[in-house]
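Please put together the full structure from these sequences, using the hints given.
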Amino acid sequence: MVNLIIDGKNVTAKKDTMVLEAARSAGVDIPTLCAHEAVSRAGSCRLCVVEIKKGNRTRIVTSCLYPVEEGLIVNTKTERVLNVRRLVLELLLARCPRSEVLQNLAKELGVDPQPRFLPDTDKGKCILCRSCVRVCEEVVGVSAIGMSARGSHKTVGTPFKETSSVCIGCGACVYVCPTGHIVMQSTGDKRKIWKRTFKMQTCEKCGKYFAPVDQLKFISKKTGVPYNELAVCTECR
Amino acid sequence: MSKVSDTKLKTKQIVKKHRGDKSALIAVLQDIQEAFNYLPKDALTVTGKALGIPISRVYEVATFYNAFSLKPRGEHIVKICMGTACHVRGASAIQDKMERTLCIKPGETTADKKFSLETVNCVGACALGPVVVIDTEYHGQVTMAKVDKIIGKLKEGAQQS
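Chains as they are written, first to last, in this note's numbering: chain D, 1 to 237; chain B, 1 to 161.
It should be emphasised that the hints constitute simulated quantities derived from the structure, not laboratory data.
For clarity, every value in this text was computed on a predicted model and none was experimentally measured.
Ideal Cβ placement from N, Cα and C applies to all residues, glycine included.
There could be a bad hint or two in this list.
[Unchecked claim] Ranges of calculated distance between the beta carbons of each label pair, as one might list FRET restraints:
#	chain 1	residue 1	chain 2	residue 2	range
1	D	T121	B	A111	32 to 40 Å
2	B	I26	D	G180	31 to 39 Å
3	B	F64	D	G71	38 to 46 Å
4	B	K146	D	R57	53 to 61 Å
5	D	E108	B	G140	54 to 62 Å
6	D	G151	B	A127	27 to 35 Å
7	B	A127	D	P31	46 to 54 Å
8	D	K190	B	F64	47 to 55 Å
9	B	A35	D	P31	46 to 54 Å
What follows is the structure in structure tokens.
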């Protein structure tokens, strides 16, 4: 166990946990976008910045990637931290002016859109946190999507911007996306995601559409469980 | 042999040369670009499969680096240096002249597939500014008249061969 001080409170945390988890368990709220329990950490949204003090020096770090240390002094609400966090949010807001998640967060933190940062119109709601790419690779294991190009042209999508042949339509990317950039449309027996339409499987017991056929085929192939055993929804199983 | 299978075969040979090593992806892509002058889609798919890297990751790498092109490029690649030193010495005028001579804008290829025009941000030869690099040859202190001469020579050479 490691002892540290977060916002003046003595906190004990397990070794190798991150400052973010330690703070949350102590009831200290730190805003985050890209830290999701399902995927590995990347520290890409930069909203979880905190100030750490070791000896006489203080430093700004991303709390979601900084492991707890014995005797570490963490401050989450100093003027310096708030300034950095506001700037990060101002920039994110300029990139995705239509994102409700960012708008609400801005209202909460008292951030207004800055005239000096010209709002983008072509970026949708994507903050390029890469969570969707990571979940597709780490959890789903198909790597159907990735980033393309770089700098201001960087976008997330399928290779060659064509419909992906490896995508199983599971919707994990939609689930982890913090801003709701990725759209999945479900209508009856069809599900549309990444410009591809998937046929849905009906549950053999209750008759509800519950998962794309391609996803069940993928799971069947990966786990060796026969397809017809998977054709029953989780509620009826 | 059809063009598609030719692309795939050549790509497989290139991957084999690098012993199918995953970490050699960039080197493989460089060799493919050297062989085809650009990165054909089929070549990227074959590369991903042969190296065991998802196509989405191969596409990420191929689009990240400016040195890679996914569009077919001309026989000669004309790079105009737009670095600070070249800019001060009139690189934009050279770009204008080059655009008019070749009738293309940066990023485009001439209809006869002889020339591609690109702008780059410093080639590390600032003392020679303004610099134009054609394929691997560096041309220093380029002037309007020199542009005609260099391009004329290349056009002539292309006709002879």
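Comparing the hints with the structure gives:
| no. | hint | verdict |
| --- | --- | --- |
| 1 | D/T121 / B/A111: 32 to 40 Å | holds (33 Å) |
| 2 | B/I26 / D/G180: 31 to 39 Å | holds (34 Å) |
| 3 | B/F64 / D/G71: 38 to 46 Å | holds (41 Å) |
| 4 | B/K146 / D/R57: 53 to 61 Å | holds (56 Å) |
| 5 | D/E108 / B/G140: 54 to 62 Å | holds (58 Å) |
| 6 | D/G151 / B/A127: 27 to 35 Å | holds (29 Å) |
| 7 | B/A127 / D/P31: 46 to 54 Å | holds (51 Å) |
| 8 | D/K190 / B/F64: 47 to 55 Å | violated (34 Å) |
| 9 | B/A35 / D/P31: 46 to 54 Å | holds (50 Å) |
In summary, the structure is inconsistent with hint 8 from the numbered list given earlier, while agreeing with all the others.
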